[in-house]
Amino acid sequence: MEKHSFFNNVYDVVRLIPKGKVTSYGAIAHYLGSGRSARLVGWAMNASFNILPLVPAHRVVNRNGMLSGKNHFESPTEMQELLEAEGHKIEDDTIVNFKKVYWDPRVELEM
DNA sequence: TGGGTGACCATAG
DNA sequence: ACTATGGCCACCC
8 MEKHSFFNNV YDVVRLIPKG KVTSYGAIAH YLGSGRSARL VGWAMNASFN
58 ILPLVPAHRV VNRNGMLSGK NHFESPTEMQ ELLEAEGHKI EDDTIVNFKK
108 VYWDPRVELE M
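Adding 7 to a residue's 1-based position in the first sequence gives its number in the working numbering.
Worth flagging that the hints you see were computed from the coordinates, not collected in a lab. A quick note: this is a predicted structure, and the numbers were derived from the prediction, not measured. Some hints here could point you the wrong way.
What the hints assert, rightly or not - Simulated crosslink set (EDC-like; lysine to aspartate or glutamate; CA at most 20 Å straight-line):
#	residue 1	residue 2
1	Lys77	Glu98
2	Lys28	Glu93
3	Lys77	Glu88
4	Lys26	Glu91
5	Lys106	Glu91
6	Lys107	Glu91
7	Lys26	Glu115
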């Protein structure tokens, strides 16, 4: 049975993020039509660890490209490690060339 | 049922 | 330019 919850929708979008790309909470929220309720996306991520299949929450950062949720991973460095493993460059807890690796669901998915 | 919460974003001073 | 505050809306108890 599928849950037509907002959370499930967020997970679906996050799982669609291609490897080597990242996006922001606000982009997902806006894509889902939540408007500015980007907080719900972050909150959904918090529960994403409990949801299967696993959601690449490390590919989701805030508007500044900063790893705001790194503190909520299994380890505070887990997020950075995962992003670096995908070819990203992290500096001062912020993704370098964030704009280049930015993946906007509104554009890529052409809503 | 109602209130509080949350890994944010935008605007105003 | 930086700092502070409000709004937002789904989920949990």
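Exercise. Of the hints stated earlier, which fail here?
Worked result: Result: no hint breaks.
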